[in-house]
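Engineer: As a plain string of letters, each chain reads:
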Amino acid sequence: MQSRWDIGEPEKPTINIETEQLKSELLTLNMGPQHPATHGVLRIEIWTDSEIVAHAIPHLGYLHRCMEKHSENLDFRGVIPFVDRLDYLASMNMEWTYVAAVEKMLGTEVPRRGELIRIMTAELQRIASHLMAFGTYALDLGAFSPFLYAFEEREKILRLFEEVSGARLLYNYFWIGGVWNDWTDDQLQRVSAFCDNMEEEAKKYHELVSMNKIFVQRTANVGVFSKEDCFTYGASGPVLRGSGVKWDLRKVAPYSLYSEFDFDVPVGTGEVGVVGDCWNRYYVRMREVTQSIKIIRQVLEKLEPGQVMGKVPKVIKLPKGEVYLRHECPRGELAFHLVSEGDAKQPFRLKVKSPCFTHISMLPHVAPGQMIADFVATVGSIDIVLGEVDR
Amino acid sequence: MSANFHETSSFREYFSGLLNGITTTVKGMWITFRYVWAVKPVSIEYPEVREVLPERARMRLFNDVQNCISCTQCAMACPVDCIYIASEKLPEGSEIKKTSNGQAIRLKLTQFTIDTALCCYCGLCTTVCPTECLTHSHDYEFSQYTIDAMKYDYLAPDVRAWRDRIVKA
Numbered sequence: 001m002q003s004r005w006d007i008g009e010p011e012k013p014t015i016n017i018e019t020e021q022l023k024s025e026l027l028t029l030n031m032g033p034q035h036p037a038t039h040g041v042l043r044i045e046i047w048t049d050s051e052i053v054a055h056a057i058p059h060l061g062y063l064h065r066c067m068e069k070h071s072e073n074l075d076f077r078g079v080i081p082f083v084d085r086l087d088y089l090a091s092m093n094m095e096w097t098y099v100a101a102v103e104k105m106l107g108t109e110v111p112r113r114g115e116l117i118r119i120m121t122a123e124l125q126r127i128a129s130h131l132m133a134f135g136t137y138a139l140d141l142g143a144f145s146p147f148l149y150a151f152e153e154r155e156k157i158l159r160l161f162e163e164v165s166g167a168r169l170l171y172n173y174f175w176i177g178g179v180w181n182d183w184t185d186d187q188l189q190r191v192s193a194f195c196d197n198m199e200e201e202a203k204k205y206h207e208l209v210s211m212n213k214i215f216v217q218r219t220a221n222v223g224v225f226s227k228e229d230c231f232t233y234g235a236s237g238p239v240l241r242g243s244g245v246k247w248d249l250r251k252v253a254p255y256s257l258y259s260e261f262d263f264d265v266p267v268g269t270g271e272v273g274v275v276g277d278c279w280n281r282y283y284v285r286m287r288e289v290t291q292s293i294k295i296i297r298q299v300l301e302k303l304e305p306g307q308v309m310g311k312v313p314k315v316i317k318l319p320k321g322e323v324y325l326r327h328e329c330p331r332g333e334l335a336f337h338l339v340s341e342g343d344a345k346q347p348f349r350l351k352v353k354s355p356c357f358t359h360i361s362m363l364p365h366v367a368p369g370q371m372i373a374d375f376v377a378t379v380g381s382i383d384i385v386l387g388e389v390d391r
Numbered sequence: 392m393s394a395n396f397h398e399t400s401s402f403r404e405y406f407s408g409l410l411n412g413i414t415t416t417v418k419g420m421w422i423t424f425r426y427v428w429a430v431k432p433v434s435i436e437y438p439e440v441r442e443v444l445p446e447r448a449r450m451r452l453f454n455d456v457q458n459c460i461s462c463t464q465c466a467m468a469c470p471v472d473c474i475y476i477a478s479e480k481l482p483e484g485s486e487i488k489k490t491s492n493g494q495a496i497r498l499k500l501t502q503f504t505i506d507t508a509l510c511c512y513c514g515l516c517t518t519v520c521p522t523e524c525l526t527h528s529h530d531y532e533f534s535q536y537t538i539d540a541m542k543y544d545y546l547a548p549d550v551r552a553w554r555d556r557i558v559k560a
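Residue numbers (my numbering), protein chains in the order written: chain R, 1 to 391; chain Z, 392 to 560.
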């Protein structure tokens, strides 16, 4: 009787040594959603040909919290904590954009001190956000210690924010009509001291990372976005400026009191690599930190005692109409499209135009032909926050 | 790691690149090495050393129920609906008490529960409170084994017992 395991002589596999007859296909690789280099829960499906990326498809939605729909059931003040959670590294800027949109429809006047404090807070937040971008970008490329140096400085900003607003990350500090609390003189002095210290620290960062040969080799000439690409996809912020376009809403269409301030708009110059590569995008961010310090110093000179909250009705009801308002946030242009049905306590529709979403859509364009390690450098250089992409 | 790195390096470029690599790396290493003795550590060793929280820090909510007038403004302001309030009319002829800032308590509070697991610590409820009885305390160590244990009924005697621990000094 034949055993059930007896299958007879095994067939000899025929091996083709000639390369042309070997089967070759692209290997599908999942980067994320928990990859340390993807900044949040972004999953990128990469098709690789050995070490070269052939296609990259970003998959979104892992951090979707239904914020836009949810805000239709909240009163206008109640939306602010949810707006905080869009870009959790630059909550102050997010709040400011939303609050400014509501104020524009409501016709509220913000007192001068309130506006100046808003500018100072937003610029401090920009520094904090760029420090985070600097630290995590170095971390992506395998350098751990810059991350810690960046966090040491960022911690000082967060401590100031905690003292003035009560929270370290999700502040709820910008209110409709002004800001929640006023800064004391002691805190303003610490801001001034921080600015002095930060300039020294920035020099250290440049020595440590920006001009480092290994860093330059990893980032220069890698992931080049041309001007045309940026215009096609609608890029903004450091990504657009890194490609050599001098476009900053604070300068081009000054909102709030930005027209009173003297500052430059850094653009990618291509002193290392070519304009529009990872290094230039990174370097634009680092030079923006210096410009933010310049703005903060001017705010500190201009500050005079006064009110920080304007007059706002107790129950906010917006007239019928809609407003589209955009601000320059650390990652690009953030905009809110707010629609009100008239005499309603809740927004009828709140659409968020997020800069990171447009930047993520540029990845499939730039990925083909890159090495995997270069692709990691490219994803890091656009500095995405997934809370803002998925909402 | 650029693609054309190997193609376009002449003899001179190769060695100047090598020198640049060594000098910039040594510079960076020197900055890191200086931290061994010249810079004080900044990290806080948490369980042993505790940071003093700023006055406005928003931690666990606490309601001083003796001052609560059951106006439900906090529950309406809450964006995540984590405050549950129930109240009933005072029995006729009973004495009307007053809060510490002089408002009359016309309703009898029967339930004041906050789901701390749901709370987003935005602070909107504390700003609308007319008697300032609902405040953010400075207590941040309140982990629990079950999520139900995060619901605090502020009328319960055991919650009153830890009142002294968490009320701002």
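It is worth saying that the hints were derived from the structure and are not from the lab. Among the hints, erroneous ones may be present.
[Stated by the list, open to error] When the alpha-carbon atoms are kept at most 20 Å apart in a straight line, the in silico EDC-like pairs for lysine to aspartate or glutamate are as follows:
{"hint": "1", "chain 1": "Z", "residue 1": "K418", "chain 2": "R", "residue 2": "E199"}
{"hint": "2", "chain 1": "R", "residue 1": "K69", "chain 2": "Z", "residue 2": "D472"}
{"hint": "3", "chain 1": "R", "residue 1": "K213", "chain 2": "Z", "residue 2": "E442"}
{"hint": "4", "chain 1": "R", "residue 1": "K156", "chain 2": "Z", "residue 2": "E442"}
{"hint": "5", "chain 1": "R", "residue 1": "K294", "chain 2": "R", "residue 2": "E260"}
Engineer: Are the hints correct? Go through all of them and say.
Structural biologist: Results for each hint:
1. Z:K418 <-> R:E199: holds (18 Å)
2. R:K69 <-> Z:D472: holds (16 Å)
3. R:K213 <-> Z:E442: Not OK: K213 (chain R) and E442 (chain Z) at ~39 Å, beyond 20 Å, violated.
4. R:K156 <-> Z:E442: holds (13 Å)
5. R:K294 <-> R:E260: With a Cα-Cα distance of about 13 Å, the restraint between K294 (chain R) and E260 (chain R) holds, given a limit of 20 Å.
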